[in-house]
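Sequence order for the protein chains is F and Y. Residue numbering for the first sequence follows this note's numbering, starting at 1 and increasing by one per position. Residue numbering for the second sequence follows this note's numbering, starting at 1 and increasing by one per position.
None of these hints come from the bench; they were simulated from the model. Quantities reported herein were computed from a predicted structural model and do not represent experimental measurements. Keep in mind that the hints are not guaranteed to be accurate.
Claimed, not checked - Dumping the calculated DMTMM-like pairs for lysine to aspartate or glutamate here, alpha-carbon to alpha-carbon at most 25 Å: (1) Lys255(Y) <-> Glu139(F); (2) Lys90(Y) <-> Glu79(F); (3) Lys107(F) <-> Glu162(Y).
Said to hold, decoys possible - Now the stretches of chain Y that chain F is said to cover, found in silico as 3 or more residues with beta-carbon under 8 Å: (4) 159–165; (5) 177–185.
Just so it is clear, CB atoms sit at the ideal spot from N, CA and C, and this is done for glycine as well.
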Amino acid sequence: MKNTMYGDSVTFTNVEKKYNETIAVSNFNLKIKESEFITILGPSGSGKTTVLNMIAGFITQNAGSIQIGKTSIHDLPTEKRNVGMVFQNYSLFPHMNIFDNVAFPLKMRKLNKNQINNEVKYALDLVGLKDYGLRMPNELSGGQRQRVAFARAIVFKPKVLLMDEPLGALDLKLREKMQIEIKNYHEEIKCTIIYVTHDQGEALTLSDRIVIMDQGKIIQIDNPKNIYDNPISKFAANFIGETNILNIEDLKSNFQNINNDKFISIRPEKLKIISNNHIKNENQVILKLIINQIVFLGDVIKYICFDENQNEIILKKTRTEIENDFNIGDKIQVYFNINDGTILKN
Amino acid sequence: MTKILNFLFKIYFWIVILFLLLPLVIVIPISFVNSKYLQFPPTDFSLRWYVNYLDDPHFLTSTLNSLYLGFSSSIIATIIGTMAAIGLSKTNFFGKKFLMGLLLSPLIFPVIILGLGLYIFLSSFNLIENFYALIIAHAALIMPFSLIIVSTSLINFDTTLERAARVLGASPFKAFWFVTLPYIKPAVISSAIFSFFISFDELVIALFISGKIWTLPQRIWQDLRYEIDPTIAAVGSVLIIITFAGILFGTLIQKKQEKY
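Working from the sequences, and respecting the hints, build out all of it.
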């Protein structure tokens with residue numbers, strides 16, 4: 001049974017979707033590789049769910065084409081597209097027990113009883129709920145329901161699995177646990193997963209690649225590390241993690257600005273506090289800050305400061321890094337290496 | 001102070017309940033009298049008026065007529081009302097509220113006006129004293145109940161459930177059959193029960209258009225006008241018990257839906 005599943009590629013070519021005159025998705029080009037875990041990340045209204053609904057066939061694009069593998073899905077009704085889907089509110093059928101919920105896709109495909117029993121057992125085993133077949137959905141916790149929804153979505157071995165903010169309804173602890181589980185499931189079943197979320201942490205943890213969307217357009221596509229280290233625009237930098245965006249002209253340093261770009265992004269953890277025995281070199285930029293607010297986060301302390309130009313600068317330090325505590329109003333000097341910053345394209 | 005108020009409200013509550021229920025309940029002891037007249041309180045008990053009811057071919061025929069009429073019209077009304085409720089819940093269009101009001105209008109208009117309208121309308125097609133016309137007329141009268149009950153249950157229906165069924169491989173019809181229909185089933189069944197009893201008890205429209213096809217309420221009405229005899233109390237008692245049991249059953253089924 002193991003490794004019998006492989007994902008299909010999903011290709012978008014110039015896809016556009018309008019609702020009346022509002023453009024939900026435009027100029028959408030994306031090639032999702034076979035068995036890839038891709039996350040579409042964006043704020044609400046960015047069009048990310050629209051993309052998912054177009055793959056599922058709940059809505060039809062106004063222009064462009066979508067292919068699963070080599071097949072154009074334009075003329076296929078939803079039930080013939082053979083994709084699995086996990087919904088935000090689980091959407092388990094309330095009148096069916098867990099076994100019947102998971103068996104539903106198999107019954108629709110007219111498998112015989114024996115096959116159904118085997119496949120359902122495999123799927124429930126995968127999500128660690130093999131003894132729950134006779135329970136009703138309302139007897140399970142949120143995390144268990146989500147696992148059932150996952151089992152139901154993959155039981156018929158779809159080549160493509162869609163997940164629409166599947167962890168949105170769970171609390172933080174459980175969310176983190178489920179992220180790891182989902183990653184493990186993906187290792188096991190190898191289908192292509194298209195995962196929609198507005199949670200950047202989830203996107204960074206889970207994905208092979210992240211697609212950042214805003215206002216119906218793709219802003220950036222890259223792997224999590226590159227997305228975090230090299231955001232392409234102000235929006236991308238702000239949306240993934242926290243960042244400080246500085247105006248290059250304000251940095252009165254020997255900074256060589258070749259392309260006349262205006263802004264540089266520097267992550268809070270890359271700012272270092274200048275100690276007494278600090279040796280300056282020319283690749284460093286120094287900022288003089290006044291601490292305006294201190295946020296205690298447990299393992300990390302966040303300092304919200306102002307620089308000389310009244311820009312807000314955020315500084316994050318693990319507690320072991322700080323030799324002595326700072327107070328609000330303290331003046332401190334920090335520096336960063338120019339290589340640690342990312343120049344944002346205009 | 002509040003204690004006294006609470007006490008007064010309790011008394012008020014029970015007075016209202018008694019006022020509503022007593023006229024119903026009083027029929028039951030009267031049906032067991034031994035005398036030839038409606039008598040309260042009864043002095044002598046017997047089952048003779050029940051025997052009389054079952055022996056009277058007029059009463060039996062009209063009871064069967066009413067049962068047949070109730071079943072037929074409630075099945076028709078439930079199917080049409082359910083379909084209308086589903087259709088209306090899925091679409092949004094200009095004039096939807098107006099259409100809904102139109103569909104519910106038999107509930108709002110006085111039945112006597114409906115009866116008169118039906119009488120004029122049906123007599124122009126020569127359909128007075130036609131049992132099928134009576135069934136259709138009753139179906140039209142009770143359809144709004146199905147529409148309201150099923151619509152209400154659909155308000156809480158999560159349409160992503162249907163989407164989930166579709167994406168998992170169900171055709172639109174199968175998604176409806178396996179997911180939507182089981183969800184609204186308690187509402188559909190209870191609306192069928194309620195509408196059956198509305199038709200079963202209905203007098204005014206039957207008086208206007210049924211001619212010599214006697215329904216049970218018509219027979220009771222007729223008997224009350226010409227001879228007052230305790231058979232009516234026996235019939236009434238049977239009606240009360242059956243209606244009470246039916247409505248209780250319908251309510252219990254509706255309760256079941258709240259579980260989800």
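A quick look at each hint next to the structure:
1. Lys255(Y) <-> Glu139(F): holds, 18 Å
2. Lys90(Y) <-> Glu79(F): Roughly 19 Å between the alpha carbons, so the hint for lysine 90(Y) and glutamate 79(F) holds.
3. Lys107(F) <-> Glu162(Y): holds, 16 Å
4. 159–165: holds (count 5)
5. 177–185: Since 4 is at least three, the answer is holds.
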